[in-house]
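Trainee: Top line first, the protein sequences correspond to chains A, B and C.
Position one of the first sequence corresponds to residue 15 (our numbering), numbered consecutively onward.
Position one of the second sequence corresponds to residue 497 (our numbering), numbered consecutively onward.
Position one of the third sequence corresponds to residue 568 (our numbering), numbered consecutively onward.
One thing to keep in mind: the hints can contain errors.
[As the list claims (entries may be wrong)] Computed cross-link-like contacts, DSS-like style, restricted to lysine-lysine with a CA-CA straight-line distance of at most 30 Å:
1. C:K659 - A:K110
2. C:K610 - B:K611
3. B:K881 - C:K701
4. A:K111 - C:K664
5. B:K752 - A:K484
6. A:K330 - A:K311
7. B:K819 - C:K701
8. C:K974 - B:K577
9. B:K499 - C:K701
10. A:K243 - B:K881
11. C:K1040 - B:K577
[Said to hold, decoys possible] Anything over 10 Å on all C-beta distances counts as not near chain C; from chain B, calculated:
12. L614
13. K643
14. E724
15. F726
16. P729
17. R767
18. Y773
19. E840
20. Q861
It should be emphasised that the hints constitute simulated quantities derived from the structure, not laboratory data.
Just so it is clear, the structure is predicted and the values come from calculations on it, not from any experiment.
Beta carbons: idealized from backbone N, C-alpha and C, even for Gly.
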Amino acid sequence: MGINLKNSEVPIRENRLGSIVAYSGSIKEFGKQGGCSGCDEKKRCFSQSSACNNGCAIGQLFSIYDAAIVEHSPAGCASIAMASYLNDLLVTALGKKPRENSGFTCSDMGESDTVFGAIDNLKDVIIETYNRYKPKAIFVASSCVSGVIGEDLESIVEDLKDIIPVPIAPVHCEGFKTQIWASGFDAAFHAILKYIVKPAEKKTNKVNVLNFAGGTSWNSRADVLRLFKVMDVEPTFILNSATVEELQHLSEARATISTCGALSTYFGNGLEQEFGVPFVRSLQPHGVIGYEDWALKLAKILDKEKEVTEFLAEEKKIYQPQIDEFAKKLKGKRAMIAMGPSYSHNYARILEEFGMQIEHVTSWHMDDKYDDGSMPDALKYIIENSKQDYKFSVNELQNYEFVNILKRVNPDIFVTRHPAGMIVWSMKLGIPAYNVRDEYTAFGYKGTLRFVKALYYTITNRSFTDSISKHVKMPYNEWWYQQPAETFFVDN
Amino acid sequence: MTKILDEPRYVCALGALQTVEAIYKAIPVVHAGPGCTAKVSIGGRSGYLGTQTVPCTNVGETEVVFGGEEKLHDVIENSLKVMDGDIFIVLSGCTTEIVGDDIDNVVGTFKDSEKPVLSVPTAGFKGTNIEGHEWVVDAIIDQYLSKRYFGEKIKGLVNIWGPVPSYDPHWVGNFRELENLIRELGLTPNCIFGEYRGIDNINLVPRAKYNLLVAPWVGLGNVKNLKEKFGTPYLHYPTLPIGAHETSLFLRTVGKEFNVDSNLVEELITRKEKEYYYYIERSCSFFFENRASSKMFSTVASADYALSLSRFFVNDMGLVPSKQYITEGVPEEHYDRIRQYFKEFNYEIEAEVVFSNDGYQIHQQIENDDYAGTPLILGSIYEKKLASKLNGTFLCVSTPYAERVVIHSSYVGYHGGLKLLEDLYTSVFQKFN
Amino acid sequence: MKINLKNNEVAVRENRLGSITAYNGSIKDFAEKSGCAGCGDKKRCFSQSSMCNNMCAIGQLFSIYDAAIVQHGPSGCAAIAMGAFMNDLLVKAVGKKPKEHSAYTCTDMQESDTVFGAIENLKDVIVETYNRYKPKAIFVAASCVSGVIGEDMESVIDDLKDIVPVPIAPVHCEGFKTQIWASGFDAAFHAVLKYIVKPAQKKTNKVNVINFAGGTSWNSRADVTRLLAVMGVEPTFLLSTSTIEELEHLSEAVATVSTCGTLSSYLGNGLEQEFGVPFIRSLQPHGIKGYEDWALKLAKELGKEEEVKAYLAEERRIYLPQIEEFTKKLKGKRAMIAMGPSYSQNYARILQEFGMVVEHVTSWHMDDLYDDGTVPHALQYQMDNAENDYTFSVNDLQNYEFVNILKKLNPDVFITRHPAGMIVWSMKLGIPAYNVRDEYTSFGYVGTLRFAKALYYTVTNKSFTDNLAKHVKLPYNEWWYHQPADAFFVD
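If we strip away everything but chain A, and leave its shape as in the complex, we get (with noise of 0.2 Å):
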């Protein structure tokens, strides 16, 4: 299915990709059925809270440095503008300075608006946010809300154009239409490719990096530049801080590239269908092979293979020797991994790179191809390449199915990433855990030298995780840790 700009929105990922949240079985079968469309979808009739993809939407366009946000929505959809100031570590950290107001306002929906509706009230509330603020584009996130009530926000647009000198542009990331946050990714990347980016009028030696937080990531931003230097590149890290005007010349980059899968399908093909932007379809770059792979086919893009093939060679001549050092303690160590359904495959592949063994993978939706209809890479790699066939399971944030999980596995280490909280529940029940908060944390050689001496020392030191299970009960009674993780499945 090709990315059509015109259309006002861009349909979820159930419906656009194919994407799942309910599945149980093994990493070869799901291999042999041919992914998520060779598996029956699932309902569940039992389930925990999730995330939506309004919050997803608006958590990458809130960071954009010159931006504001309407949210069209009762207060409690505006919450995350509550924590506005985590924009300003990376604003600082980048030399810019920090905004003195977040300019993320809300319609703040009352009971008589879903009665008459409140796109009078919302126009307001986006010519006072302009007036206040300034900002250089402004979003207006739909919420639930408006969408039940069945609110016209592109007519808005149209309205305001004359008022508001800047774009205006509608996200249409209503929470109830999917269970897929990552949905959201999308919604915002669309408003960002219909309304901000623009046609390239030359070529820069730029390269966007799609990814989530570049540059609060301990080292990261060092390590990038260091590698795109090879290249004689360098990095634009989107969307954090970036301006609207840098958007509007991501059409001019030499190529896009991502840290994630999940995260960078719509964007990247977008720029790449729409812009020409050459999209670099690699594994992400996350343990030895993972960078390599990432690296060489930027370089091959670029025309840099013979550079950063020697540079490569030159890092891994020292760091190599390190990480195998480390792994040779964790060889045979049992782990189960819980994460996205992009960074889940790419750590099940940086663990068996340290020789160890894989109980079960948990990842929090699966697609079943990409927007250009290639099958996520680093799932391709695993059903190719693994060895082991582990244990692999598809659940958006059950954590009841994925504790069951645990406790029955009772591996070495539990190894996740977000949501925040996540590896307390593992601790809770006696098993180490590791958080890999930083999406780089296992960039290149460096990265992956510093993972694999955390690991070690997180299954080392246990005190922290001995204690705590002996001192806290969880949430679930014992009934349920002896029945199967997917109890609660139902057909569609």
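Once you have looked at the hints, place chains B and C on chain A.
Mentor: The following block gives chains B and C in isolation, referenced to the frame of chain A:
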């Protein structure tokens, strides 16, 4: 080898005047130059006394040329009139000792005065303020407590020694929490430092059944001296108990050593740990789910904090130690024993100890080490910029201490561990806002 | 007595300026006896700890941005190196990058050094300090110990001149040599004048502003800069955060001014005598009269009197009515002051401007004459103009003396400046107190308004003082309060 003191982490022996000031209504009488008191008053806080109220001979050219004994005599004599004190302790400085004032002789003339007058040679070139602390306590034992009989031993009475007043930024709170722990065991704590602890507490020292020293090395001479003079057995517990793991161990050890009913001890520990883990459970997602959460750490601190924090972060929090730098000029005789303390962590984890007061070299070593991610540096204010340069996490725990205002808080005990986590993760949190 | 830069050291204030540290009388009595010279100095047979010239000298030099300090003494003498972080605040405020290390080292003298001397180790430390931090100059500070054992600091200059390519400046601030810490200012400035300042090659539009910490003070930097801009000149704030290069060029300034007579006597007069930079002799810029005198005398030197008069008139129009609104409420309130010799007399004048009754002034020392042979201006003003003959005393931070006076006088407010913590003793007695911590507290009309307001609010809400006084006890015996404050003076 060049003897260079670069970015000092201690002052000279005269700094022991802060030990005297920590005893309520003890009056130091300083026989030294006019600026000495002000300089060695680390932190410069005032209480009942303050830097400017300390009697001092303000030794000048006259005293250097003709001797300062007469001046000292006058100042002691008039101190007894002017100052409302219960015990007077003369501390001598560099000049008066070099020119050879017979201080003992001068002080001896006050042996019949209503209030005790003692003297401690604390010339700056003789040692550090930490050693000076020990000398002051010995002077109280030798020149005051040994001179008369204070009464029989009192059942369950425990003298508490350890934190060095003012040098330990949390000393007041730490003493108080140690007292509380002893009290929770059904024993009676006695401490001569802090909150209105004064001459009455000094007078109780020989009557205690036990001495408890909670420090890796400072004060060891004092408890040995007390054993010799008054036959009081001592327990040397090297670690300030911070957090659940160490505090429970502390209570068990003290309980066993001081004959407390083990059922009472275990009941107490169960109750305290349950409370502690309520708060830990509520907060631990932040500890490990944060971008700035660290796996490895270094302390750059005095031995007591280096050891206690290492044990907390390894045995409670599950972190792994990188090199631990001990900076207060520990006398070499204690090196081996202290190194051994750093080999007794959970899971046979060990830490390399570096004894050095040279921050310049310490910083170079830290910069060359790998912390498997964000370094966690627990040090003095000198380490703040280093941590920031390394994009690390920093908590100020050691002198010079200038990161936060300490009024009565403490890192000791179950609550102290939580307070430490509050302080540490506040600084992590503030990296994000 | 002329300043002589050929000498290795400058004489202490007791000998050079006839300064005293003990007096008890009244301002008129002091005037009638023609100041210190007529009163003579006293000693004390009971004293409390004061401060030393070493602290004062290093305190100044340590704030130079790119110099190093080597303290030749035991570890305690280098204790102020622990306060290095305090320099960073000012450094950041002026837009510079804080230093990674303070570059303040010490020879950490031990017992054997007192017997055998330690000049060789001192040289090693100087070389090591240079190699570590590459400072633009190294100040080597003497201590009591190095002085008593007779270390020859000058010898290191020659011995190291081929090894260390930047000026090495010995600073003679052995603590026992003087009871007056301000002698340390002179020792520091002597080193700066002798080893750092170079002859002028051109004239610039800079004015040297000798002050303590210009720039950390609340808004002061902006206020000073605004006034100087009217005269077409720019300030060089000394010594805080200045660079060695800036100090080398002090000779090229069009004038020197200061916020404090005590601080500036040696450097201001030295720059005038040796390098021809006019030193502005005026009241210090505190309160209305002081500010106007300071501004106009500088304007006269620069030929900008018309501009400054017009500027002052405009400012007066805005601020005087506001100041008056508060001084009205302060009228008749009784006050006691305890500060350094220049600030105390300047602040007495301000309180008089507010219509308050000055009951007593204590100065931490008193200079008979400055280095140019003039009587301190702020003192002269009081001797000539004070309406009431308030009691006046001189004591070098003798807490027991001023507490004795304070308790007897029981004023409505006690005003002091430093060292830190001074006001606490007054509040413990139940007497509200205000700490003029910031040297620019009442700089100009804006500052004077701030100060009048702050004083009024201090007198108005006594809650903290009341509560504290009820719960604490001062460390003195009741007996002491019944003695005269000068009970322990001896000839």
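Trainee: It remains to establish, for every hint, whether it holds in the given structure.
Mentor: Against the structure, the hints come out as follows:
no.	hint	in the structure
1	C:K659 - A:K110	holds, 17 Å
2	C:K610 - B:K611	holds, 26 Å
3	B:K881 - C:K701	holds, 19 Å
4	A:K111 - C:K664	holds, 17 Å
5	B:K752 - A:K484	holds, 24 Å
6	A:K330 - A:K311	holds, 18 Å
7	B:K819 - C:K701	holds, 28 Å
8	C:K974 - B:K577	holds, 18 Å
9	B:K499 - C:K701	holds, 19 Å
10	A:K243 - B:K881	holds, 28 Å
11	C:K1040 - B:K577	holds, 16 Å
12	L614	holds, 18 Å
13	K643	holds, 24 Å
14	E724	holds, 26 Å
15	F726	holds, 30 Å
16	P729	holds, 35 Å
17	R767	holds, 34 Å
18	Y773	holds, 37 Å
19	E840	holds, 32 Å
20	Q861	holds, 15 Å
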